[in-house]
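S.K.: This is what each chain is made of:
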Amino acid sequence: MSTLADVVADPLFPEVDVRLREGSHLSREDHHRFEFLSQSFDVLLTFYERYGYDLHRAEAGFFYLRPLSGTRRRTMTVGEMLVGQTLALLFLDPRIFATDRRVTRTTLQETLEQLVGIDELRARLLKRNLRNQRGIAKAVREEIDRALRSLDRLGFLRLEGENSIELRSSLLRFTEVVRSSAEVGIALSKLVQSGELAADVEEEP
Amino acid sequence: MLDPELHIAALKASRARLDVDTADLCCLVLLRTIEQEASDIDEDEVVERLALIHERFGESEAHRLRAANGLQRFLDQRLLTRVDAAGLSRKGIYALSPLGRAIVEFFVSDDRLTGESLVVLTGALRARLIVAREAAKAATTPEDWAVGVVTPLRVVASDLLDGIGRRARGLDSDQARQRSEVAQMLQDDWFSALDRAETMLTASTRTLAELSRLLLDEQAALEGVLDEIEARARVAAAVEAEAAARAVSARVTALAEWGRKRHETWSQYLQLMLGTLRTIIRLDPDRAMSLRLRDGIRAGTLPGFLTLPIPARTAVLRDQRVAPDRPEATRPRASEREPLRVPPVLEKPLEYHVDLAVSAGANTLSAVLGAVLPGVAPADHYRAVGRIARHLACNHRIGRERDAAWTQVDFGLSITEWHLQGGRG
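Protein chains in written order, with the working numbering: chain A, 8 to 212; chain B, 2 to 426.
Please note that a few of the clues may not be correct.
Unchecked claim - Calculated from the model, a selection of chain B residues having no Cβ within reach of chain A, i.e. all distances over 12 Å:
1. Asp-43
2. Gln-73
3. Thr-142
4. Asp-196
5. Arg-233
6. Ala-244
7. Arg-261
8. Lys-262
9. Gly-362
10. Ser-367
11. Gly-413
12. Glu-418
As the list claims (entries may be wrong) - A few chain A residues that face chain B, going by a derived Cβ cut-off under 7 Å, partial list only:
13. Gly-30
14. Arg-35
15. Leu-72
16. Leu-99
17. Ser-176
Since the hints were made in silico from the structure, they are not lab data. C-beta atoms are modelled at their ideal positions from N, C-alpha and C, and glycine is treated no differently.
Just chain B, same shape as in the assembly (with noise of 0.2 Å):
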């Protein structure tokens, strides 16, 4: 496990650095060519092929000048390693250092997605993640569990998924710059771009079926393994295993997804695509339609609207239902209803007790409906409010608050509050 403490102290004691830009980048490239040709770099033929480097990117510093401490800033950057033990006596002999193939690996290997590289690349994480498999039937401390188990998934594992995803990005850019070429295509050459652009389509769209089948047959046995891992690993309370056995699971699954997806995606496309540049090329061959299109907007010369049909308006039928029976909406006529009725209680009219419960102390509406209505019939209640209303507004200052909320009083009434100010003299 990784201790990061102890190896950026190292790092910092040690003024480690890593300053590679593009020109550098190519000669490492042309470094790693020569090794491949010629097993060991010899210093003369390097320098002058480094120089031709430098002179491309058109630096101001003399070429051999520049190639030459080019290539001992890589020894001092650890990317060169002198392979002789002549010493400064004579020229030296070099190869790259694993650091430098990898750099020189990571920009030069192929990013495209294929059957092959997918093959080896799952065939590989299929070996990664058996041995782990093997290390969780052994396991018995959870010393074997980190070792055995848990770092090669997030490791390993982790690295094989990063490069097959990275892969798989580059087939998107691949079919994103297939949309383009096919574009320039028709544009070069409308008639016989179709033929073309069908046999590149098509073949993109069968890769992705056999990548999508491989995915797919993949998944089963990856997932095969790792379930197996997560199993054990739950019976031994492995949690830091199980987790990291269903975070690759997880991946896996994304990643046949993603194949099922693509293909389905591409294949619509083609399909849609195909058949649009069929139609299109049969119906205006010449682009001559088009042109009459153009200049019939411009002039204003088109005539004609297209018709369309009017929706109709669709009936929906409802269940039956029989209406209740309701009473007629009337009220009896004036002569007809019956006078106000004051019971026995309320001799007086009713606005001498009004004038009653204020000189008492009744300063609101409420009160003053509290002190009067019980003496009042239930029934005639509502018009008698109206009334004792009428007769405090006539003989008192009213104060009322601005949107005020309706409040619920005796009687089965609602009111807005009314605050008897004083008499109007």
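Chain A extracted, bound-state conformation (with noise of 0.2 Å):
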């Protein structure tokens, strides 16, 4: 597609443009949309950053958008941001390929109280001290579900019923930081000057 009017034209457009300025992440899961985006991110590149944001396409083969300095932004919790790093380890192993990239939310639960101990997760989870086993258990596996809806929402995954999440490859974004073998520190703070992370969470206003 050459021009704007032909890209705001299609009728791909309404909703791809919505569900981006929403922070959702459009991967080749997404199928048309992702091809929609792929042709036509020359001509968008420059639109959306009219209005403050960078048209991202990762090295991963998924898109977003990401706040320029200035732009109003929001980021991830910490419930988000752990249940995402967990699912991209799950997604980075090779055994996901046998379940067409499908996990269980049991799965999701299990691996993140082998990496982290159920004390510890629940340290991170919850913001409030609760007194009795079953009550942190319930709060804990609220923080995730609740942590799964957003990350459904901003398309890193799709929950399919009760129990089963396909994993995207969008995932991938939370790998930014281990990327290089370079130190974490200096890995943050060059990611923290293109806008990609927050050194703290900041919430909407």
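Take each chain as given, in its own frame, and dock them per the hints.
M.R.: This is the structure:
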């Protein structure tokens, strides 16, 4: 597509535009929408710059809007980051191809507990102190579910029914800070400078 | 046409039974192999080889004895027939019966659907349908239709379609197995797995493309014959034949659709999987990134939070509408309000008329209102009801139903009914 008029006139534009502005990540799994973005990338890059966004095409082949300096933005929560990073780890495991890039919710929780430990998982996910064990377990499950729903809306995965999660290549965004073997602090400062990451949680004003 | 009662009675009378376990199946396969090699089955050689089979299954009975008994059991169950006429005087020569051969064919036949097997099967199906079409052209009686058209469509065509369907399911299992193999390849040798996986999966996609094309080509030819049979059956009012032709046509359509969808799904899977694999291998060739990610999650040392845009609220422009003029929501001051005027009918105070209505027998609020309000100007009804209700409440015990519904009374009012239960004294 050669001109902005052509791109905006395309029937896919409204949905793609709204999803990008809501923070969604569009990857190969989105088929036609991904193809549309690939073909109209150069035109849309200039278009979104005027709104203060960088339409970023990640090395792993997915698209998202990155707020430029001075543009209002928000960040993911602690829970979303932890769940996203763990799902990215599962995505990088070759066994995922035997299950067509799907994991169960149960597998996710077990992986989190094995990696982090139940007490540490509670400490990271829950802001409040709960006394009884059943309440803690329930609150942890609810936080994980909340994070999953959010990541689904943002295009990192697709929830299928009660227990199945389809993982998408956009999860590789969670690996940015460990992409190179450079020290994490150096990697972080570069990513903060580019607007990819924020040092702390920033809530929507 | 099968007569179930007749056949069931015959089977029961003959005590026919089939009892074939896994070891027996293996024996039958072996017998078939011997038969194909040597055209008949010599008893001694067979017993020797069958003993080896039973030895592999670790059976407790002496293997030769079990093998010898097995041979007799096959004879009793008519899986094997003796083809010489020597009787019991010497060892026999045997051959598998049609039943024995059918069992072997069923278990060892190639379950995969290939272009070659599809051409053979659909070719056989088309031949059967052409025969049925010719029978439909020549049919003049219901028996002609039943024997020449309905039975081939219901039985033969159905069997062939079942065969294609079974092989198609075999292809589905193959693909599920391939996915597991790819995952294992990646686990064993990440880096070199990509090329091998690509070769394997691309071959599958080509097979599916070929099958899909063949099915579409065959579908047109098969449906052409079936449409002709259906049309002739309709003209001849052969209802069963028409239904049978339609049923086969529906199965052929479903099969072609299966082929198309499988090809589409597998192509998408291939593109997605290879694309993802190439990306992951490029980003993490030696799995070091995965290890850093895992260690970082474990230790809680991964810094930073991904940034996201704040979605702007989109202004929805509405059509301009002129707001209607509305009167000011005011009421006159108390001094300006006109006093409640009692029309000439009610010369005495309202409360007097309420008491009069009650003493005349009105024992509900609606009855009292019905007696008193006709004498009040309509504009004052609402206020008058309030005064009447207050007077009744002060001077009588009031009974009300819990959750009583609103009752419409005359004068455009709705009330919840009160029941007067005597004075307050």
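S.K.: If a hint holds in the structure, say so; if it doesn't, say that too.
M.R.: Verification of the hints:
1. Asp-43: holds (49 Å)
2. Gln-73: holds (48 Å)
3. Thr-142: Per Cβ check, Thr-142 of chain B is outside 12 Å of chain A; nearest 56 Å; holds.
4. Asp-196: Holds, since 15 Å exceeds 12 Å.
5. Arg-233: holds (45 Å)
6. Ala-244: For Ala-244 of chain B, whose nearest Cβ neighbour in chain A is about 38 Å away, the distance exceeds 12 Å, so it holds.
7. Arg-261: holds (17 Å)
8. Lys-262: holds (15 Å)
9. Gly-362: Gly-362 of chain B is indeed farther than 12 Å from all Cβ atoms of chain A, at 66 Å.
10. Ser-367: holds (55 Å)
11. Gly-413: At roughly 51 Å from the nearest Cβ of chain A, Gly-413 of chain B sits farther out than 12 Å, so the non-interface label holds.
12. Glu-418: The assertion about Glu-418 of chain B holds, with a minimum of 50 Å to chain A.
13. Gly-30: Since chain B brings a Cβ to about 4 Å from Gly-30 of chain A, closer than 7 Å, the hint holds.
14. Arg-35: At 6 Å from the nearest chain B Cβ, Arg-35 of chain A passes the 7 Å test, so the hint holds.
15. Leu-72: holds (5 Å)
16. Leu-99: This hint holds: Leu-99 of chain A lies near chain B, its Cβ roughly 5 Å from the closest one there, short of 7 Å.
17. Ser-176: Constraint on Ser-176 of chain A satisfied, holds at 6 Å.
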